[in-house]
Amino acid sequence: MSTNPLTDGSRTTTSAASPVPAPRAHRSQHRADTGTAPSGATLPRAVLAEWTKLRSLRSTWWTLLIALALAIGFAALIAAVISNPDATQPRGGPGANGLADPVAAALGATGFSALVLGVLGALVASGEYATGSISSSLMALPRRWPLVVAKASVLLAVLVPFTLVLSLGALWMAQVVYGDAATIDWTASETVSAVLGNSGYLVAVALFGLGLGLLLRATAGAITFLVAVVFVAPPLLQLVTWDWVKAIAHRFPDVAATSLQSTTGTGVLSDVAAWLTLLGWAVVPVALGALALQRRDA
Amino acid sequence: MITVSSVHSAHDHGWGPYLRRGSTGGERRHIGTSGGRALRTETPSVDAVIEARNLVKRYGAKTAVNDLTFTVTPGHVTGFLGPNGAGKSTTMRMVVGLDRPTSGSVTVNGKRYVEHRTPLAEVGTLLEAKAIHKGRSAFDHLLALAQSQGIGRTRVAEVIDLVGLHDVARKRAGGFSLGMGQRLGIASALLGDPATIILDEPVNGLDPDGVLWIRTLLRGLAAEGRTVFVSSHLMSEMALTAEKLVIVGRGRLLADTTVEDLIATATDRPVAVRSPQAGELGRLLVSAGASVTDVEVGELSVTGTTAERIGEIAAERGLVLHELHTEKASLEQVYMALTRDSREYTTDDDAADERADQQQEVAA
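Protein sequences, first through last, are from chains A and B.
If you read the first sequence in the working numbering, its first letter stands for residue 1, the second for the next number, and so on.
If you read the second sequence in the working numbering, its first letter stands for residue 299, the second for the next number, and so on.
If a hint is listed, it holds; no wrong ones were tucked in.
Quick list of simulated restraints, FRET-style, between CB atoms:
id, chain 1, residue 1, chain 2, residue 2, range
1, A, W62, B, G450, 29 to 35 Å
2, B, S534, A, G132, 24 to 30 Å
3, A, V192, B, N502, 55 to 61 Å
4, B, A359, A, P44, 41 to 47 Å
A few chain A residues that don't get close to chain B, going by computed Cβ distances all over 12 Å:
id, residue
5, V81
6, L115
7, V158
8, A182
9, I184
10, E190
11, T191
12, V240
13, V272
Interface residues of chain B toward chain A, partial, derived using beta-carbon atoms under 8 Å:
id, residue
14, G395
15, V412
16, P417
17, L418
18, E426
19, K428
20, I430
21, G433
22, R434
23, S435
24, A442
25, L443
26, Q447
Calculated directly from the structure, the hints in this document are not laboratory data.
Here the structure is a predicted model, which means the values were calculated and not measured.
Ideal Cβ positions, reconstructed from N, Cα and C, are used throughout, including at glycine.
Can you build the whole structure from these sequences, using the hints too?
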């Protein structure tokens with residue numbers, strides 16, 4: 001405006017006189033020495049980084065241990081209750097089918113583990129907001145969506161095998177307690193399908209937790225919402241008799257889980273419908289979370 | 299190519315009024331509302347590394363950053379100064395893509411931050427200390443960041459040694475002091491060996507040793523030819539490290555200049571007077587229209603007049619002078635004058651505080 005900087009030589013000497021010795025020399029030399037030239041923030045690298053983040057927290061391992069202990073503990077408890085001929089059968093609970101479906105009864109006992117894994121999923125996202133490490137993470141992955149894909153991938157990679165072990169562990173423990181009262185047919189396709197379905201349910205709840213963590217950015221809020229959807233809402237919705245409410249109630253993850261756990265074909269949903277329901281609960285909130293992350297200021 | 303639309307030379311008299319204080323009474327000026335009259339030392343954008351153009355960030359009705367245009371160049375430390383709430387952190391967050399500008403743009407090395415393939419190798423940033431999960435060790439935190447960019451494990455160990463955290467690197471970060479958190483933040487900024495380094499208030503929470511360490515580190519990084527952009531609300535700190543300054547207040551650019559030029563523009567430098575008849579001389583000067591502050595017994599600090607005039611007045615009345623000289627304006631004084639109207643929290647005795655600040659500065 002008033003002064004053309006290029007014509008004002010006296011001022012530019014200030015910066016010209018400042019030391020600018022071969023700017024990048026030190027840097028390139030350093031990289032040649034250590035051979036660590038970074039070559040891009042790729043998706044596989046983001047996944048590796050998320051794995052490091054997940055495994056480096058003690059809480060991760062505690063959470064998994066608690067989920068496993070709860071599953072096996074409750075499986076033993078429920079097996080003991082339903083195989084005791086004097087006991088009254090719990091109505092509407094995980095052991096409702098009793099000895100008629102010993103697999104479903106045992107897998108139904110993993111419901112509390114679902115909550116624990118859902119909290120783990122929520123913490124993977126909300127923990128970053130609680131500690132402020134989200135800004136480091138997003139500066140490393142400024143395109144943002146790879147962060148969500150990486151988090152979801154790591155949860156899948158860890159929880160698919162883990163929940164299979166957990167489901168089988170619960171069944172095994174139940175069989176031990178059943179003794180002669182009931183026998184689980186380990187090789188029956190219904191049993192395999194029930195175990196896979198149960199794992200699918202547990203993983204879906206964890207991913208649902210991740211989605212909630214991303215959307216709500218707060219651990220307390222995410223956990224509250226998670227408990228409401230996974231535990232509180234299903235039995236309450238059962239009380240309502242309107243058809244449209246029933247239709248919605250049948251699409252809750254809990255209903256999908258009991259349908260898949262059943263080996264006697266008594267589930268509310270078909271296997272396909274149940275899997276699609278779980279897929280929806282797993283994918284939609286995470287996708288919305290990614291969208292929110294993309295659009296919001298961090 | 300010229301980057302800025304409104305370029306003012308450092309000696310532009312239009313800037314003078316911003317430095318004058320006291321004489322205009324309680325009148326509040328809106329700095330920058332009349333055509334963005336900010337002091338600029340012009341920098342051609344050829345070697346510009348951080349370039350902000352007409353950056354605006356609004357949160358609802360509040361404008362945090364208002365039409366900010368500046369460039370940060372390599373080879374020296376550039377101080378980013380402004381009172382609390384001036385928009386420094388918001389600006390830095392926009393540079394690294396954490397916050398989206400309402401309008402305007404900012405690039406690093408000619409690209410928006412998000413477009414860089416290996417962002418941590420381009421720009422290293424410390425925004426808030428202890429931006430780390432309390433349950434994770436410093437090593438694992440840095441390792442995850444390194445892995446996300448394809449940076450090797452050896453570099454992680456290197457930066458840990460560089461910031462002096464090797465003894466605690468494997469411990470959980472929850473027990474870190476603020477100073478250790480700052481060191482960890484600096485380690486993560488240096489992790490990718492970036493050409494551009496952005497640090498938000500890096501000396502906060504550091505002990506004197508740490509402060510000295512940061513100063514040396516920043517100057518060293520700049521001497522290697524890197525671009526170093528450091529925010530602070532303390533001019534006294536920046537005066538020791540920075541060569542160039544970008545000064546903001548209430549989200550607006552107040553000055554984009556060098557430390558040297560900023561001092562040179564000080565127009566209202568106080569005159570120090572030592573006299574055994576200081577009381578009488580003081581009264582005479584006040585009646586002559588100057589403003590006088592007692593520094594100590596027999597010592598005055600006079601503004602609103604010149605050393606020559608004071609000497610003449612003393613001579614007319616036959617008063618003895620032991621000392622008479624014009625103070626070199628301190629950066630702190632210039633800065634306080636510049637940001638006077640931009641501070642978020644102002645009190646009635648703000649002016650008094652400022653005088654006190656000045657005297658401390660003079661005494662020091």
